[in-house]
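Knowing the structure of chain A, use the given hints to seat chain B on it.
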Amino acid sequence: MIPGEFTYHRPSTVAEAVAILSDHGDEARPLSGGHSLIPMMKLRMAAPEHLVDLGGIADLKGISEGPGVITIRAMTTQHELIESELLEKKLPIIRETSQLIADPQIRYLGTLGGNVANGDPGNDMPGLMQCLNASYVLAGPDGEREVAARDFYEAAYFTALAPEEILTAVKIPVPPAGHGYAYEKLKRKVGDYATAAAAVILTMKGGTVSSCSIALTNVADTPLYAGQASDILNGSSLDESTVKQAVSAAEAITEPASDGRGPAEYRTKMAGIMMQRALARAAERASG
Amino acid sequence: MSDIDQIPVSVTVNGKKVQRFVEPRTLLIHFLREELNLTGPHIGCETSHCGACTVEMNGMSVKSCTLFAAQANGAELTTIEGLANPDGTLSALQEGFRQMHGLQCGFCTPGMITRAHTLLKENPNPTEEEIRMGISGNLCRCTGYQNIVKAIQYAAEQLNAAEIKEAAE
Numbered sequence: 001m002i003p004g005e006f007t008y009h010r011p012s013t014v015a016e017a018v019a020i021l022s023d024h025g026d027e028a029r030p031l032s033g034g035h036s037l038i039p040m041m042k043l044r045m046a047a048p049e050h051l052v053d054l055g056g057i058a059d060l061k062g063i064s065e066g067p068g069v070i071t072i073r074a075m076t077t078q079h080e081l082i083e084s085e086l087l088e089k090k091l092p093i094i095r096e097t098s099q100l101i102a103d104p105q106i107r108y109l110g111t112l113g114g115n116v117a118n119g120d121p122g123n124d125m126p127g128l129m130q131c132l133n134a135s136y137v138l139a140g141p142d143g144e145r146e147v148a149a150r151d152f153y154e155a156a157y158f159t160a161l162a163p164e165e166i167l168t169a170v171k172i173p174v175p176p177a178g179h180g181y182a183y184e185k186l187k188r189k190v191g192d193y194a195t196a197a198a199a200v201i202l203t204m205k206g207g208t209v210s211s212c213s214i215a216l217t218n219v220a221d222t223p224l225y226a227g228q229a230s231d232i233l234n235g236s237s238l239d240e241s242t243v244k245q246a247v248s249a250a251e252a253i254t255e256p257a258s259d260g261r262g263p264a265e266y267r268t269k270m271a272g273i274m275m276q277r278a279l280a281r282a283a284e285r286a287s288g
Numbered sequence: 289m290s291d292i293d294q295i296p297v298s299v300t301v302n303g304k305k306v307q308r309f310v311e312p313r314t315l316l317i318h319f320l321r322e323e324l325n326l327t328g329p330h331i332g333c334e335t336s337h338c339g340a341c342t343v344e345m346n347g348m349s350v351k352s353c354t355l356f357a358a359q360a361n362g363a364e365l366t367t368i369e370g371l372a373n374p375d376g377t378l379s380a381l382q383e384g385f386r387q388m389h390g391l392q393c394g395f396c397t398p399g400m401i402t403r404a405h406t407l408l409k410e411n412p413n414p415t416e417e418e419i420r421m422g423i424s425g426n427l428c429r430c431t432g433y434q435n436i437v438k439a440i441q442y443a444a445e446q447l448n449a450a451e452i453k454e455a456a457e
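First to last, the sequence lines map onto chains A and B. Counting from 1, one number per residue, gives the positions in the first sequence under this note's numbering. Counting from 289, one number per residue, gives the positions in the second sequence under this note's numbering.
Here chain B stands alone, though its shape is the one from the complex:
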């Protein structure tokens, strides 16, 4: 057993407050997967390149393999597990990835969708170039990105159409 004291980490994940005591060296990805059983965020490269571990922290997309859980203390986190609609149906982005075949093996998908979620919040009408630069921190080895870009465009259209409809009502 380590002689270094465990430290408390409190976060709000997908709307739920949780607290755990962990070793200071615990990375956020291990905290999410092993302490909280949220295995949607994946461990891909472990070297801050691939983005499979991407989660949202206080409105920012972050690579949870390159952050200590302690640094996230007090933060609001969203993982892929928190992105479906409240009634359990697929969100516009999830539906987009389904409709446009935005995935093949699926390993990068949680990171891709979580990153795209933050991207569309910041920029609801991205150009193709902005989408490609926006997901440049997420690697996909199957699709060649084309259908991922289409999936994000699909979601942007759906979300914008819903907004116009809401405004009209």
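So here's chain A without its partners, still in its complex pose:
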């Protein structure tokens, strides 16, 4: 399978990349790790006339910590997320999620920025970023703007990102020390997208949930922040009837497709099960 022809650009700054994208509009696509775009180009389902390789922009690499916020630059690979000591200490749910994405070869090249910007509902990081209430930094011809992950996704492959913009970084508020976390993903085999998956971050105080955030992956056109379910659990002791009520609230917002991963009803139920398992594991991990 040979992709269609294109002109190859390798800018060394974000400004240069944005200028190339602005010049060519819809005919240009940015290339990050390439493990979503290149397969689509080989199938000729994507045929950009201009390919803007972001691999030469040093400014798009790295993980840094500011007061209460960790910033991950867009071209940071899944492999680098897994290896990061800072993330292991402050945001271990990222490592847990990355390890469930694709396979080792793909994780060496696949990037966080590509995973969240592509808008594929099968990707795992968008749901996780909604759970963490992250925001995305988008650079365009008129400068930078920030969009919350919870507001970014519009439909499958449709996001708030304009064709002339590049997602340059992900900013994540650091959850309190001692928080519990879990990413539960049901998949048919290594490398598969989720049949359903759930991300949970919570804090506990004296056996009671003092804060809770839940998001779901691949059970709708977009990742789903389960706000109502999170609210129901807040202040509870995670007793059976409250959990049941929260699971029903989360299941109610799902709208999965029936496909090779199972009929819609099954995937909705599995989203509930993944959420329940993630809640139990997160509660076990939380101190306090």
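Since the hints were made in silico from the structure, they are not lab data. Virtual Cβ for every residue (Gly too), placed ideally from N, Cα, C. Any given hint could be a false lead.
Said to hold, decoys possible - List time: in silico EDC-like cross-link candidates among lysine to aspartate or glutamate, alpha-carbon distance up to 20 Å:
1. A:Lys244 <-> A:Asp231
2. A:Lys187 <-> B:Glu417
3. B:Lys409 <-> A:Glu27
4. A:Lys189 <-> A:Glu96
5. A:Lys42 <-> B:Glu311
6. A:Lys42 <-> B:Glu322
7. A:Lys42 <-> A:Glu27
8. A:Lys189 <-> B:Glu334
9. A:Lys189 <-> B:Glu418
10. A:Lys189 <-> B:Glu416
11. B:Lys438 <-> B:Glu416
12. A:Lys205 <-> A:Glu284
13. A:Lys187 <-> A:Glu265
To be verified - Away from chain A, derived, C-beta distances all over 12 Å, residues of chain B:
14. Thr300
15. Gly370
16. Glu383
17. Arg420
18. Met421
19. Gly425
20. Asn426
21. Asn448
22. Ala449
23. Glu451
24. Lys453
25. Ala455
Below, chain B without anything else, positioned relative to chain A:
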């Protein structure tokens, strides 16, 4: 003839510097096989699943069917052709695959060995679980993986024994 200009790609492959002019859409696997005659890396699924095209790029295992040659410009690459010992004898991994019957048809073998090579560099003492997860991006349709895991364990033991011997001398 295409109206898109060919672009230069320079890489170091198995220790040798090479440069070619190629169409931007040239995938690394085609660059290696067709421009450089390195036909060890195989084209299996072409959909980023099977790992038969695995090569090492700057210390990372990559699927060369899912990478443009242009993206590898300036990189250090290692293919199965570069993995034997300098004197031409089989490397510990190659010997392991021979001793432990780590292959049957052999189609996945170059990718498997190249992947295992990088895995053992990163983790010289992998558990069985770590080996299985480490090669989870490489498919084998013959062996059931059991003997591949044994081959990699064999190589890890050999390499570690050699290191201890070296340290003692």
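Problem set entry | Those earlier numbered hints the structure runs against, lowest number first | 3, 17, 18, 19 and 20
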